[in-house]
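Q: Can you join these two chains into the complex? Each is in its own frame, and there are hints to help.
Order-wise, the sequence lines are chains A and B.
Counted from 1, the first sequence has number 321 at position 321 by UniProt numbering; the numbering is strictly sequential.
Counted from 1, the second sequence has number 97 at position 97 by UniProt numbering; the numbering is strictly sequential.
Derived by calculation from the structure, the hints in this document are not laboratory data.
Please read these numbers as outputs of a predicted model, since none were measured by experiment.
C-beta atoms are modelled at their ideal positions from N, C-alpha and C, and glycine is treated no differently.
Since no wrong hints were added, every one of them can be taken at face value.
With a straight-line Cα cutoff of 35 Å, these simulated DSBU-like cross-link-like pairs (lysine-lysine) come out:
{"no.": "1", "chain 1": "B", "residue 1": "K33", "chain 2": "A", "residue 2": "K337"}
{"no.": "2", "chain 1": "B", "residue 1": "K380", "chain 2": "A", "residue 2": "K228"}
{"no.": "3", "chain 1": "A", "residue 1": "K337", "chain 2": "B", "residue 2": "K38"}
{"no.": "4", "chain 1": "B", "residue 1": "K116", "chain 2": "B", "residue 2": "K33"}
{"no.": "5", "chain 1": "B", "residue 1": "K116", "chain 2": "B", "residue 2": "K189"}
{"no.": "6", "chain 1": "B", "residue 1": "K116", "chain 2": "B", "residue 2": "K52"}
{"no.": "7", "chain 1": "B", "residue 1": "K38", "chain 2": "B", "residue 2": "K117"}
{"no.": "8", "chain 1": "B", "residue 1": "K52", "chain 2": "A", "residue 2": "K337"}
{"no.": "9", "chain 1": "B", "residue 1": "K189", "chain 2": "A", "residue 2": "K228"}
{"no.": "10", "chain 1": "B", "residue 1": "K117", "chain 2": "B", "residue 2": "K189"}
{"no.": "11", "chain 1": "B", "residue 1": "K380", "chain 2": "A", "residue 2": "K22"}
A short list of chain A residues far from chain B (calculated; beta carbon distances all over 12 Å):
{"no.": "12", "residue": "D24"}
{"no.": "13", "residue": "K30"}
{"no.": "14", "residue": "A58"}
{"no.": "15", "residue": "A97"}
{"no.": "16", "residue": "S116"}
{"no.": "17", "residue": "L149"}
{"no.": "18", "residue": "P153"}
{"no.": "19", "residue": "A175"}
{"no.": "20", "residue": "A180"}
{"no.": "21", "residue": "M298"}
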Amino acid sequence: MSLDTDTATLLADQLDRLFAQKVDAKLLRKVEAGEPAAALEAEVEALGLTLALVPEEAGGAGLAWSEIGGVLESLGRFVAPLALAERMAAGWAMAKAGMEVPEDVPLATWDRLTLSGDKVSGTATIPFGRPGAKVLATAGEGEAAKLVLLEIPEGRALPTIGRDPRLLVEFASAAPLASAPDPMGGEALPAALAVVRAGQIAGAINHALAESIDYGNTRVQFGRPIGKFQAIQHLVAEQAGEAAAAKAAVQLALRGMDEAPSWQAAAVAKIRAGLAVEPVSAVAHAVHGAIGVTEEHMLHHTTRRLWQWRDEAGDENAWSERLGRAAIAGGGGELWKTVVALSGGR
Amino acid sequence: MSSPFRFDPVQMPDVEPQLRAEVREFLAEWTPKFTPWKIGHSWTGLDREFSKAVGARGWIGMTWPREYGGHERSALERYVVIEEMLAAGAPVGAHWIADRQSGPLILRVGTETQKKKWLPLICSGEATFCIGLSEPDSGSDLASVRTRATRDGDGWRLSGRKIWTTNAHHAQAMIALVRTSGGPDDRHKGLSQVLVDLSLPGVEIRRIADMTGEAHFNEVTFDDVQLGPDALVGVEGAGWAQGMSELAFERSGPDRFLSAFPLMPLLVDEIAAAGEPDRLSARAIGRTLAELAALREMSVCTAGMLDRGEDPAQEAAVIKEVGVTLEQRMPEMVRDLAPGALPGAVEGDLAEMRAAVAQQAPTFSLRGGTREIMRGIMAKGMGLR
Ligand SMILES: Cc1cc2nc3c(=O)[nH]c(=O)nc-3n(C[C@H](O)[C@H](O)[C@H](O)COP(=O)(O)OP(=O)(O)OC[C@H]3O[C@@H](n4cnc5c(N)ncnc54)[C@H](O)[C@@H]3O)c2cc1C
Numbered sequence: 001m002s003l004d005t006d007t008a009t010l011l012a013d014q015l016d017r018l019f020a021q022k023v024d025a026k027l028l029r030k031v032e033a034g035e036p037a038a039a040l041e042a043e044v045e046a047l048g049l050t051l052a053l054v055p056e057e058a059g060g061a062g063l064a065w066s067e068i069g070g071v072l073e074s075l076g077r078f079v080a081p082l083a084l085a086e087r088m089a090a091g092w093a094m095a096k097a098g099m100e101v102p103e104d105v106p107l108a109t110w111d112r113l114t115l116s117g118d119k120v121s122g123t124a125t126i127p128f129g130r131p132g133a134k135v136l137a138t139a140g141e142g143e144a145a146k147l148v149l150l151e152i153p154e155g156r157a158l159p160t161i162g163r164d165p166r167l168l169v170e171f172a173s174a175a176p177l178a179s180a181p182d183p184m185g186g187e188a189l190p191a192a193l194a195v196v197r198a199g200q201i202a203g204a205i206n207h208a209l210a211e212s213i214d215y216g217n218t219r220v221q222f223g224r225p226i227g228k229f230q231a232i233q234h235l236v237a238e239q240a241g242e243a244a245a246a247k248a249a250v251q252l253a254l255r256g257m258d259e260a261p262s263w264q265a266a267a268v269a270k271i272r273a274g275l276a277v278e279p280v281s282a283v284a285h286a287v288h289g290a291i292g293v294t295e296e297h298m299l300h301h302t303t304r305r306l307w308q309w310r311d312e313a314g315d316e317n318a319w320s321e322r323l324g325r326a327a328i329a330g331g332g333g334e335l336w337k338t339v340v341a342l343s344g345g346r
Numbered sequence: 001m002s003s004p005f006r007f008d009p010v011q012m013p014d015v016e017p018q019l020r021a022e023v024r025e026f027l028a029e030w031t032p033k034f035t036p037w038k039i040g041h042s043w044t045g046l047d048r049e050f051s052k053a054v055g056a057r058g059w060i061g062m063t064w065p066r067e068y069g070g071h072e073r074s075a076l077e078r079y080v081v082i083e084e085m086l087a088a089g090a091p092v093g094a095h096w097i098a099d100r101q102s103g104p105l106i107l108r109v110g111t112e113t114q115k116k117k118w119l120p121l122i123c124s125g126e127a128t129f130c131i132g133l134s135e136p137d138s139g140s141d142l143a144s145v146r147t148r149a150t151r152d153g154d155g156w157r158l159s160g161r162k163i164w165t166t167n168a169h170h171a172q173a174m175i176a177l178v179r180t181s182g183g184p185d186d187r188h189k190g191l192s193q194v195l196v197d198l199s200l201p202g203v204e205i206r207r208i209a210d211m212t213g214e215a216h217f218n219e220v221t222f223d224d225v226q227l228g229p230d231a232l233v234g235v236e237g238a239g240w241a242q243g244m245s246e247l248a249f250e251r252s253g254p255d256r257f258l259s260a261f262p263l264m265p266l267l268v269d270e271i272a273a274a275g276e277p278d279r280l281s282a283r284a285i286g287r288t289l290a291e292l293a294a295l296r297e298m299s300v301c302t303a304g305m306l307d308r309g310e311d312p313a314q315e316a317a318v319i320k321e322v323g324v325t326l327e328q329r330m331p332e333m334v335r336d337l338a339p340g341a342l343p344g345a346v347e348g349d350l351a352e353m354r355a356a357v358a359q360q361a362p363t364f365s366l367r368g369g370t371r372e373i374m375r376g377i378m379a380k381g382m383g384l385r
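Chain B with its partners taken away, still in its complex shape (with noise of 0.2 Å):
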């Protein structure tokens, strides 16, 4: 074996630089905008008149089909726009959940009529998602869920509680892994995934403030509510291998090591600042620079072979775990190497920045699936487990 991970080069499209012009003009119009706390908070954090305005630059859905409001671009293309705004810190969190899954799950095995209400929507920037996999008893071992939807004429009927849902107080809709059949010892049978739309009667979001002192996520409870016949989405009981599928666009993308990037560039400019740079801070820019670049040649082959309809759920794993670990890094980096900062201050565009991150990165390794996961999933695929 020469290696467990493969990582195919990929050719970039010709309009390459054209299109990263295009979205760093449009971004330089925008970011000065936000503050360097709401930057720190990179694609969590969320401002729908930004959304929409990419919407409207035709830069959320750029793969899908143009009937559904998308623009039939290439992957790679969309790979350029996104890790530009990943970059700049810019706060795509109304259409990153959207653009990044819940919208090709649905174009790959949604129905017509799922397609042609929602696809638009988040194309437009309107329509946010949120993803429903956690609950209060399933975190890490997530074939637990108990949240169930049971046959109701037509349609099903919904209880449970979802938790730590990312941004479901600004969203419209959810995907939820839900039980439709058996029991907790069934596991991976008899899951499915449901649509829900939150603005149904029975639906109850709870905020859940974190340690930013803000609330990114949520506690969605679900009291027996009434679903159409169209809630369904994919094939009943394939709920596991669907959401499992997802998973793949959820851990390679370049949001899993530009999420404290930001903070890189004002960092730079810091060190450069105190005159000529000691051996230790240049050394330390230098070897992330070459991780950065080696992270963005995996995802970006990654990338390729999703589109190319491959499976890549091992080198997506590698890439979260190297990825997450770079990004955990870069705030205790500020400072080990930002001279002048007050002791525990949060003044300044680089110490606000940083706490921002800072009161953030232990989750990097938590959402999307825990290290310890990544870790065990890698050492499947080598054959250990």
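Isolated chain A (complex conformation) (with noise of 0.2 Å):
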């Protein structure tokens, strides 16, 4: 049995209040220094959302991946500097490829490590890693492919634009705790990821339209607010278009997730929402003037993590490759056919 909608509201009602109180800049600074959110970090895990996808025989909470849409906006929203997205996708993996699923989940990457034998190796980016903490990768590709967790070994913290800590470690011949055959052929743990990513970009670049909106009613230039400026209004437009056609794509991933998971769904939620990223931000800075840009004002936290979410668990240009190379192969008598499957229809 899956908790029912009104649950899944509330669970993310929950956390914006959460968010709204805990993360600010002050929280925000720290941990970009390195510093991690430990008390958030405890709040959230109180709430069991890092759970959310594991069925409930599994020991999780049983929701689906449509009842998450909420949770990952606020994630967004709030830029909540925190690996709940990514838990929560490992939760998912695992659960699904019959792995026990720990309670305290792991962390999880999406690059792809090498499988020989039973030994893994590579280099992995890890979100908010930490040596002696666990991490669940995909290793090896197609019907080999194996989800594997992993301890995660020293490595060394990648300066990003987003500047949350991305923890850069390389595998040599590791033994993996555990390990499972891929139930989607080495696709499991990438399209999660890249699902819950642009879930987290649609509520960032929503909060960007609402700050934009906002901003723009409240600052006054020649005797108005810029907002009744109709240049100001269009380019507001143009951001609300594109953020209401990322949270389309986005939920229409989450129902992919629910009725067959696969590569494509997480595609054309990830391509959508990164594409999304350049425009939104762009009218967002340019909305707010040079304010906008300070440290002090709260907006680059959105937009610098914009820029690194769309980077991240493959970016908008090379899930267009896939996608479009596919569709190349398939023909053109097939393209038709193509849009509507990715877009839920039969």
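A: See the structure below:
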């Protein structure tokens, strides 16, 4: 049995309230300086959300993907500096692969490792990674692909535009703590991570839009709110169109992950949300003027993470190329059928 | 605020795959008869025999009551049919406007006589309707229309001029927005919608050639046209509100992102024929698919809202704005990605279709309300105006 939608909304509201209270410039700066938001993590942990997508019989909350849209949006809106989205994705993938999901759900990486016998090698970027903690990764390709649970070795902090911690580590013939065949032929975790990132992006984009509207209505120049200038109205409308398309693509992917999880469903969401990032952030900064690029103003916390997130879990170019290659190989006669299938039609 | 727009997911009916298969089979018979140039005209392309055949299959007026020739099917079944038609570039122009907005308007607010007379003819593909909004001096500022209907005994006398009326030269009827009381300063007050039988004396239709070299739209002059008592559609003086609620149907459908779609399968085949696709071509195709999927989701959800009697005016403006921007990029994409065309030449299926689409593409963000007007509606919805 899955929680009903009201419960899902309640959870998102709860998260909104928590983040509204706790995620401020001070906390974000602290995390960007390398100190984890331990207290916040503990509170989120207590809500049981890391196990959201794990079925009840496997010890989870049994929520459907289409019920966690609000949670992802909240994570994006507040640019919450923790790995909840990644852990929800990891928990889902582990449960789907029939692995036992520990209460302390592991972190996750979208990077693909190589598999030799049962040893794992390769480089991985781990959001909020800490040596000694555990990470779920994909190793090997196609039929042979496995989900592997690994202990995180020492690595180096990767400087990023978003400035949330990213640990870069090297696995050299590492022995997994646990592993199972990937239920989607090596696609489960990358797809899940692409969908959650797209959801965060949609949330952050809608926040940038709301901030632009708000600033447009309050900042006065030439004796009136700048939002009364048609040029500003049209910029914000352009932003709104992109925000709506990103949100719709995410909604589509969440439904897709419930009905028939696939890399294509994830691709649509990550591409469309990723494409919206530049126009939306450009307009947000244009509307906010100089104050919007100051360290002190909150806007850059949103736009920098947007630029970060669109690059992660496969950027829109990589996903587009893959989707495009498949479509070109399928031939023109199949193209419309592909559009219908990608948007949930039959 | 999480988002100024709502797109509530809908459940497509179980018959979806079967219905889709039926339409595809039907279209496979018809589309080879049409040139790439004609297909490039999408829903403004017109072929009476085709529309009659569509009507015979029960695919016009699908949601309307049987007593008026309709088929009492759901709005989402209709959605499946119309999107298949558009994707194939079928020349649906003879029934498109009547099926999309004139018929539903008559059904909603029309008189029994209007329903009995016109709806069955629309359903059979015999009656074409046109939209009489724009006038020489009234474009975006629609409330300034000057065409006037004055009471005359039981009926009305109509004088004035409409312009840019798509397919009026093929149409039997127009639903026109006219002034029935007051003057231009009264703006939205005093406007009404009238149904004009275009065969009446005093109606003159002059074709206007456009840059494709053809004439798709017209100037329609009314010189003291005598209209019967039954010409008024809906409530006198409520023309503005009635017309605006029609616009959500006009702006949110797949016709706002699929008019250029038939180029894409040809483009994909051309790219494939040139060998292993390069990275940028593959990206452009993949990205377009994702954009189309998101638009289709928005549009299907909005169809559900319309079906439930909600008024998604904001959502419709967004779909039109985002959709036409994508449509307009498609002929440019062909130019960017299709290898080997002779410079500027219109030779071969893809080049011919591209030429048709490219010469109409500027109108995508004009017809049905301009891009700037859409953005204005969105800004208003977000509280900036
Ligand atoms: C192919 C085609 C088919 C058509 N078919 C029909 C039809 O069947 N029936 C019908 O009634 N009409 C039809 N139209 C007319 C269409 O609705 C109008 O073209 C449209 O409403 C714009 O009016 P206009 O052309 O007079 O341009 P204008 O309103 O003069 O606009 C010119 C420019 O000024 C801008 N502008 C105007 N007002 C504002 C403002 N307040 N703020 C910012 N910018 C503004 C516009 O966006 C545009 O860029 C058709 C048009 C085309 C191109």
